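The lines below spell out each chain.
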Amino acid sequence: MKLPTSPPRPRPIGLIGATLALLRKDLLIEWRTRARLNAIVFFAMATLLMFSFALGPDTRLLEKNAGGYFWLAILFASVLALGESFRVESENACMDGVRLAPADPRAIYLSKALGNALLLIALGLLLLPVMVALYGVQVVMGVVDLGSVLVLGSLALSAPGTVYAAISSNARARDVLLPLLLFPLVIPALLSAAKATTLVLQGDPMNQLGSWLGLLLGFNLIYWGVGFMLFPRIIED
Amino acid sequence: MNKLIKWGLPVVGLGVLAAGWWLGLAWAPPDREMGDVQRIMYVHVPLQWMAMLAMFLNFVMAVSHLLKSKPGWKLDSTAESAAEVGLLLGALGMVTGAIWGRPTWGVYWSWDPRLTSEAIMLVTYTGYLVLRRFVEDPDKRATWSAVVAILGAINLPIVWFSVRWWRSLHQVQSSPKTVDPQMVLPLRVSAIGLLLLTIAMLVYRYRIALAERQAEVALPDALPAAGAPDVHNTPKVA
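Chains as they are written, first to last, in our numbering: chain Y, 1 to 237; chain S, 238 to 475.
Only chain S is shown next, with the shape it has when bound in the complex (with noise of 0.2 Å):
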């Protein structure tokens, strides 16, 4: 893998979120209304900005994967990537959503129609994910786990579009105009960081997938799934 790719980005990405985070929780002025409450923000919206960006890259692969001409893993190995970043960084913004809410909403969780899109769109990711694992050919896997992201992936825009729709508990979307500068910089500089960061993350996962996708169909037998044999319990003969 590229050196510059492989240490630079993590290494800036982490730089820059480092930085964004700390204008965000030192810098920028707090909320008027919320006070510092609000500086979750800063973290928990780039988390699901970047969750979203992956399961849309997971559906986009999907799509590709059905139409795609020449044979091959690059595809799927990239969907396999997305869609398991997308569930841990979805997973880290629904954590920080409900720190943010017990104080501001009284809860942690409330049924809002944002927080419940956002959790069926977990689990049917996780889905998706278990759906991999129970599928040995890699060819049915890939060509199966892609109609089942399309499936799962009509919810992504209803979670989007949610707090417009249904303008219940949860906020909507601020415009960056109708914001103080001083909350818009931050947010921007931690959403690039997380940019930076999940694209690193993403290319070492999907690195993973190809090479056990290889694997899978150069050698059927060289990784411990179940249904092979395991060269570690093979009685030894006296």
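Same shape as in the complex, but just chain Y (with noise of 0.2 Å):
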């Protein structure tokens, strides 16, 4: 019989890798409860209702703005999602076993933005069909633009909503701070996704649909590029 004459090894962990590793194990997390997903999406639905409800039931005019609902919807949710997302760190101080596990900063920021990046795209997939139910919209054109939209726009949402979220768990008055920091910040890319997903929706006869998506993915380069680099300052003790 052959004994293991030491301990296997760590083996080394690259940013790409840590990533994966802590996304996993935050969709495990989410995937066991589903506290969080069933949360937003009740929420947002809600949201939705009560924009009908807000403005009477003018079907043509819930249809002409059902764009921007949707979006209001998606962000008014995602400031929940948000900062859910670190309140599970921050239970038993996770936080600081992840950092001593050793993870890159940057990996829990990758991990947490593109955590809650998905759980937003799942959010706005089971949205859809809601909105298309209650304002009577119908979708001209293809799936393939609607998603490209949705993927987008969530991942807008969540690159400086993570790294506002990170702050704002530590802070006093989280609940104010994070809509306080993240709406003003997100306009371009809130303005850019509704306007794109009214263009699907309604036709798009003048072309515009391509400069908003541009739009859009500039907004995230720069945020996704700055989140990146910044993130690693926020948590460090």
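Everything labelled a hint here was simulated from the structure, so no lab data went into it.
These figures come from a predicted structure and were not determined experimentally.
Any given hint could be a false lead.
[Said to hold, decoys possible] Short derived list, chain Y residues pointing at chain S, Cβ under 7 Å:
id: 1; residue: Leu61
id: 2; residue: Pro129
id: 3; residue: Val130
id: 4; residue: Pro160
id: 5; residue: Ala171
id: 6; residue: Arg172
id: 7; residue: Ala173
Heads up, the beta-carbon is just placed ideally off N, CA and C, and yes, glycines get one too.
Dock the two chains into a complex; use the hints.
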């Protein structure tokens, strides 16, 4: 019988490996409880419903503004999701454990931001049929266009949102702080995502969809880059 | 503080600003299209220039704070004072702009790209200042607010270039070459006067911020922040 002479040496793990491992951990936590997704889905659905109550049953108005309401619902729900993504780490000082693992802080950022974006994409997919039913919209253009708006928009909300959630989860009055910091910053993303969604839903005779998607892409590049660079400074102790 | 800076700078600044405004409001010719309404430019434009300058100073201080090697509170205090002074000037600039917009455009506010991006900028820096109030640890406050300042500063070039990129209601920056010299001079004098006043305000606010930081670090309970015991309300023992 062969006995191992020494315990197996830990394999060095790169940025991508650490990101994927952390993302897997977060998704596993999410999958086992499904608390966060359930909560934000019902919150966003209630928001969509509230818009139709607040504006009265004018189907044409609702259909015309469906893109904007859809993204506002996602934005409001994203504040809950983002706040929660760091709350799981603050219990039992889990963040310290992750840092001691040792995980590269940039991998923590990427995994959290990607996890939040995936959650928002899932939320958007679940909200779409509700929006179609409630507001009577019909998808004129392709599913691919709608999908790319959803993916780019969710990524754009979660990149600065993850940075701010990490900050506000440690500050006093964090429930006020996160929307106060996040909302003004994501106005360009919200504007272009809502506009692009409206174009997808109602047709794009002037061929403007590309420029709005380009704006979203640029927003993503800037804020993913800046967040990636600055995040280590936030969680250092 | 140096007497020259404490008294000389604001007095000279006020004097130059008064001279610039007198030149603009009384001496310069009225605009051909807008008439006397245009004269608010000598107040509005310098305010916005100085607001942008202060916000840019805030950005530079935030980056320097994150890159700095020596410990200290000077960069953070400068960043705080720049954000506050910039927010004040920017808000005043927005109000003067709205006063001008009503007779010229017929509305106080239009959702023009320049106005919208300026409003976003003001809300962003309000968030920055709110964050500063909600973090007790001075070290963390300095680092986190620097990160927020850098993220917010991405909007600054958008504000500045919005009038060129989108060409909507708000006019494009004029070039001194195409404007009557009698209008360029008052604008420049007002801007210099306001610049001196801005520097004076920054220096005053910076000294307060620095003193607050030093008090916080030396004696964590010295400032009447939340969590600190209120000495005036302690129950008296009979």
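These are the hints, each one checked on the structure:
1. Leu61: It is violated, given that the least Cβ distance between Leu61 of chain Y and chain S is near 19 Å, above 7 Å.
2. Pro129: Hint on Pro129 of chain Y: violated, closest Cβ of chain S at ~32 Å, above 7 Å.
3. Val130: 29 Å, violated
4. Pro160: The hint holds - Pro160 of chain Y has a Cβ within 7 Å of chain S, the shortest such distance being about 6 Å.
5. Ala171: 5 Å, holds
6. Arg172: 5 Å, holds
7. Ala173: This interface hint holds because 5 Å falls under the 7 Å limit.
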